[in-house]
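Listed below are the residues making up each chain.
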Amino acid sequence: MEQQIRRVGTAFLLGFAVLAFGTGYWQVWRGPALAAAPGNPRVIEIEKRTQRGGIFDRNNEVLVETVDGRRTAHKPALAHATGYYSYRYGATGVERAYDALLGGRQGVPLAQTVARALAGAPRRGGDVQLTIDVKLQEVADRAIGNAQGAVVVLDLETGALLVMLSKPYFDPTTVDDDWSRLSQDEGRPLYNRASQGLYVPGSTFKAVTAAAALEAGIMQPSTQVSDPTGEVTIAGFRITDAAKPPQPAFDFAHAFAWSSNVVFAQVGVQLGDARLRGQAARFGIGKALPFELETSPTSLSRTQPMPPVMLASTAFGQGEMLISPLQMALVAAAIARGGDVPKPYVVAETRASDGKVVYRARPSSLGSAMLPATATALRTMMALAVEEGFSRNAAIPGVRVGGKTGTAQSLPGMPDHSWFIGFAPVEQPRVAVAVIVEYGGWGSLNAAPAARQVLREALRSVGSRQ
Amino acid sequence: MARSLRLTPAGSGLRRTAAPPAARRHAARWRWRELALLLAAVLPALVGAVLLSVVWERPLDDTRFWPIYGFLGLVLASHLVLVAARFRGDQVLLPLAGAIAGLGMLLVTRLAPALAPRQFIWAVLGTSLMLAVAIGPWETRLLERYKYSSAAAGMILVALTLLFGIDPNGSGARLWLGTRSLAFQPSEILKVLLVVFLAGYLVEKRELLTTHLVRWGPFRLPPFPYLAPLLAMWALALALLVWQRDLGAAILFFGVFLVMLYVAVGQAWYVAAGSALFLGGGAVCYALFAHVRLRVEIWLDPWLDPQGRSYQVVQALYALGSGGLLGAGLGNGYPLYVPAVHTDFPFVALAEEGGLASSLALLLLYALLVSRGLQLSLRARLPFNRLLATGLTAVLAVQTMVIIGGNLKLVPLTGVTLPFVSYGGSSLLANFLILGVLLRMSHEEAELEERT
Chain A
1 MEQQIRRVGT
11 AFLLGFAVLA
21 FGTGYWQVWR
31 GPALAAAPGN
41 PRVIEIEKRT
51 QRGGIFDRNN
61 EVLVETVDGR
71 RTAHKPALAH
81 ATGYYSYRYG
91 ATGVERAYDA
101 LLGGRQGVPL
111 AQTVARALAG
121 APRRGGDVQL
131 TIDVKLQEVA
141 DRAIGNAQGA
151 VVVLDLETGA
161 LLVMLSKPYF
171 DPTTVDDDWS
181 RLSQDEGRPL
191 YNRASQGLYV
201 PGSTFKAVTA
211 AAALEAGIMQ
221 PSTQVSDPTG
231 EVTIAGFRIT
241 DAAKPPQPAF
251 DFAHAFAWSS
261 NVVFAQVGVQ
271 LGDARLRGQA
281 ARFGIGKALP
291 FELETSPTSL
301 SRTQPMPPVM
311 LASTAFGQGE
321 MLISPLQMAL
331 VAAAIARGGD
341 VPKPYVVAET
351 RASDGKVVYR
361 ARPSSLGSAM
371 LPATATALRT
381 MMALAVEEGF
391 SRNAAIPGVR
401 VGGKTGTAQS
411 LPGMPDHSWF
421 IGFAPVEQPR
431 VAVAVIVEYG
441 GWGSLNAAPA
451 ARQVLREALR
461 SVGSRQ
Chain B
467 MARSLRLTPA
477 GSGLRRTAAP
487 PAARRHAARW
497 RWRELALLLA
507 AVLPALVGAV
517 LLSVVWERPL
527 DDTRFWPIYG
537 FLGLVLASHL
547 VLVAARFRGD
557 QVLLPLAGAI
567 AGLGMLLVTR
577 LAPALAPRQF
587 IWAVLGTSLM
597 LAVAIGPWET
607 RLLERYKYSS
617 AAAGMILVAL
627 TLLFGIDPNG
637 SGARLWLGTR
647 SLAFQPSEIL
657 KVLLVVFLAG
667 YLVEKRELLT
677 THLVRWGPFR
687 LPPFPYLAPL
697 LAMWALALAL
707 LVWQRDLGAA
717 ILFFGVFLVM
727 LYVAVGQAWY
737 VAAGSALFLG
747 GGAVCYALFA
757 HVRLRVEIWL
767 DPWLDPQGRS
777 YQVVQALYAL
787 GSGGLLGAGL
797 GNGYPLYVPA
807 VHTDFPFVAL
817 AEEGGLASSL
827 ALLLLYALLV
837 SRGLQLSLRA
847 RLPFNRLLAT
857 GLTAVLAVQT
867 MVIIGGNLKL
877 VPLTGVTLPF
887 VSYGGSSLLA
897 NFLILGVLLR
907 MSHEEAELEE
917 RT
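So the protein lines, in turn, are chains A and B.
Mapping the first sequence onto this note's numbering, position 264 (from 1) lands on 264, and the numbers just tick up by one.
Mapping the second sequence onto this note's numbering, position 121 (from 1) lands on 587, and the numbers just tick up by one.
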């Protein structure tokens, strides 16, 4: 009997050991996943009890904060940068990318963790400061007017975004109430056109083709080219200029300024798939850009390698290209920075709830897209485009602006999309810009004047900072 | 060795145990060890009350916390009664059970404050019963005489429940007797009666069960008349499962039965055969009855219907997972998302708010209580007492494992209570009764030891 009782005891203790391991399995091994599972009602309960951190602009103006338990966004023009935060529909933008910090699950000071564990003090989240300048964002907003589109402005010294505007925008504060309207709206207000919108870049892409041609040695700015008729046939396909250049023969710089499709089509064929694709890739085209917020992968063409006709149309900015405004801003930025492609960022720093800085952005580079000499040549060509070419509407009195307009085909029967990329001042560029106005028609008509207003204000803003 | 003891005329020594003059040799018998352990045992519940008062922003003397203080006082008072009665039994059982039940009182207060006063009243009745059994003028071995009366009483209880059972809280099983306002769960009393019967029966028949084997095909089995009551046990367990839909009680009774059979007869073979029979019966029930099938399906994959039939199980897993190592802090978690948490899932509530640290601590307390119970049974000299102590301890152990195992999805979820912790009067009463018998037995052994 004694032996049996001892064995029963051993069996019971083994049983309790199994229970202990079972508890450990659920509480520790599976714990984090279960604690954060979407069906777990604690997720929302804890969110509701958390004093979520704020989002600020570069001058510490409050963009989003929690007022009486309600997440309140003060600047709807920044809706796509800050994103929305909803118990029902999740989060986007910075609210999503920095959810752990804002929600007090990350970078929490030890003293607060202890207070929370002992006294159940509610969680307090940290703050996020953006690189965006609200004043400038609002200027861009007004410049676009009622149109749909996007504006990106980069600080060339760092790669920080001063403006990231996507229109139409929405009010993040009322996203729960407006959801059915917002999600069904054909203008797609919830979608961040600046970093995720994919467009055909039109003639702004000629900056990339020109970079490839200069790098390859096919062209110099002074190389003589001709476009007497405004049209050329490549592999049986007729290519025409949007506007015939004012003279039959000119140099390559003017072919860029006057946006000669005929010249660029032939340059594209001469370059071939590998060289054009290689150049585009050095600007970042062909994948999703590294960025704090979501970016869509861009692409030069689905067809690979491109046949001559497609090479020709890609070279002057049509074809199968899908490129985001952020990416085109980087093209302008690389040219302005002597070939160096800056790594774009929109978060300047994050701070714990006690104000201590958790993270501060450090400017960095995505690599070099071209030789400094090429960049210098392109800078001159883009200045020429604004001064003598079709991008004249971007000119600012007293400041030399470099830029390139673009007109991209949109849906059949609808006006074209209007593009502009550029930088200023030409001598020592401080800011780069990319503007797209959907269905805005000619690039010079809509995007360029909007870019001018934004550039002028941006120069004033970065100038005042020094 | 036990056998030789049983054969000696147990008379004189034991009879003197109850004789008052021998026990009154000392004026008072302090139980310092018990007191020291008790002071440590009341701490968790006391600290818990302080935490709750901070989180709930109620003063410490708020009526809400009275049941906790009351219970801790009750445990200390029990100690004093034992001292006054010159009780000589074990000094560890009461602190262990007190610590567990203190946590239970704290959890009931946390999870269902309105029910805590009721639970406290049951605790008063429970500890009174425990003390009466522990120091009353009787002897444990006398219970052996009532083995068949126990069996008969148990059968009557089962029959009454089958006929007049009610389901006061809508659990889907009619497992209670009485009225809606005052109901008790017969299975709680049944488990004690069962152990008494089995201990008596097995002590009487164990030689027959081991020696008079006849050949039945490839097996060597005891003759049928001796086997019949055991088969009846099996039938009873399955009947509970099918008619009363009480899987928990079925597993508990059959598990305790197998443990006692093994200890009495000493053949693991019986345990294996018995388990196989039970599993086989279970499999047949699975095929035949939808409610058994549902239980098992929920157990195997609760994620199939997390908003419907397996809501409770899934919510319990969320609670467990949210606890982590140190827990959300008492009063700071959300255990009330688990339906019936105060009766079926108090372990999960503790795990969420106290973390792995607390749930392991509670498991350790149960393991210590169970080992202490088995140690007492090892010290017992009479085979009946041994079996009784083993059986009663097995009730606590198996019940704890069945319900916590169900909480942790290791076994199908059942409705048995977590001893000393779950809200429920019958359960508390029965568990304190078990504790009383164990204490009584240790007292008798101590007296006997002193004499020999």
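Keep in mind that the hints were calculated from the coordinates and are not lab data.
Treat the hints with care, since some could be wrong.
What the hints assert, rightly or not - Label pairs and their computed distance ranges (CB to CB):
1. B/A598 / A/V114: 44 to 50 Å
2. B/R759 / A/K287: 51 to 57 Å
3. A/V114 / B/R552: 46 to 52 Å
4. B/L770 / A/K287: 37 to 43 Å
5. A/W29 / B/A598: 20 to 26 Å
6. B/Y752 / A/W29: 26 to 32 Å
7. A/E294 / B/T529: 50 to 56 Å
8. B/A580 / A/E294: 30 to 36 Å
9. B/A753 / A/L198: 56 to 62 Å
10. A/V114 / B/W604: 29 to 35 Å
11. B/A598 / A/L14: 52 to 58 Å
12. A/L411 / B/R759: 53 to 59 Å
What the hints assert, rightly or not - Here are the simulated SDA-like cross-link-like pairs (lysine to any residue), alpha carbons at most 20 Å apart as the crow flies:
13. B/K671 / A/Q270
14. B/K875 / A/A37
15. A/K48 / B/K875
16. A/K48 / B/Y800
17. B/K671 / A/K287
18. A/K48 / B/G795
19. B/K875 / A/G24
20. A/K287 / A/D340
21. B/K875 / A/A33
22. A/K343 / A/Q304
23. B/K875 / A/Q4
24. A/K48 / B/V521
25. B/K875 / A/K287
Said to hold, decoys possible - From chain B, some residues computed to sit far from chain A (all C-beta separations above 12 Å):
26. F650
27. R672
28. A756
29. E818
30. G821
31. Y832
32. L844
The C-beta atom is built at its ideal place from N, Cα and C for all residues, glycine as well.
Each hint tested on the structure:
| no. | hint | result |
| --- | --- | --- |
| 1 | B/A598 / A/V114: 44 to 50 Å | holds (47 Å) |
| 2 | B/R759 / A/K287: 51 to 57 Å | holds (52 Å) |
| 3 | A/V114 / B/R552: 46 to 52 Å | holds (49 Å) |
| 4 | B/L770 / A/K287: 37 to 43 Å | holds (40 Å) |
| 5 | A/W29 / B/A598: 20 to 26 Å | violated (46 Å) |
| 6 | B/Y752 / A/W29: 26 to 32 Å | holds (30 Å) |
| 7 | A/E294 / B/T529: 50 to 56 Å | holds (55 Å) |
| 8 | B/A580 / A/E294: 30 to 36 Å | violated (50 Å) |
| 9 | B/A753 / A/L198: 56 to 62 Å | holds (58 Å) |
| 10 | A/V114 / B/W604: 29 to 35 Å | violated (54 Å) |
| 11 | B/A598 / A/L14: 52 to 58 Å | violated (35 Å) |
| 12 | A/L411 / B/R759: 53 to 59 Å | holds (57 Å) |
| 13 | B/K671 / A/Q270 | violated (104 Å) |
| 14 | B/K875 / A/A37 | holds (18 Å) |
| 15 | A/K48 / B/K875 | violated (30 Å) |
| 16 | A/K48 / B/Y800 | holds (13 Å) |
| 17 | B/K671 / A/K287 | violated (82 Å) |
| 18 | A/K48 / B/G795 | holds (17 Å) |
| 19 | B/K875 / A/G24 | holds (13 Å) |
| 20 | A/K287 / A/D340 | holds (18 Å) |
| 21 | B/K875 / A/A33 | holds (17 Å) |
| 22 | A/K343 / A/Q304 | violated (27 Å) |
| 23 | B/K875 / A/Q4 | violated (29 Å) |
| 24 | A/K48 / B/V521 | holds (17 Å) |
| 25 | B/K875 / A/K287 | violated (46 Å) |
| 26 | F650 | holds (28 Å) |
| 27 | R672 | violated (9 Å) |
| 28 | A756 | holds (26 Å) |
| 29 | E818 | violated (9 Å) |
| 30 | G821 | violated (7 Å) |
| 31 | Y832 | violated (7 Å) |
| 32 | L844 | violated (6 Å) |
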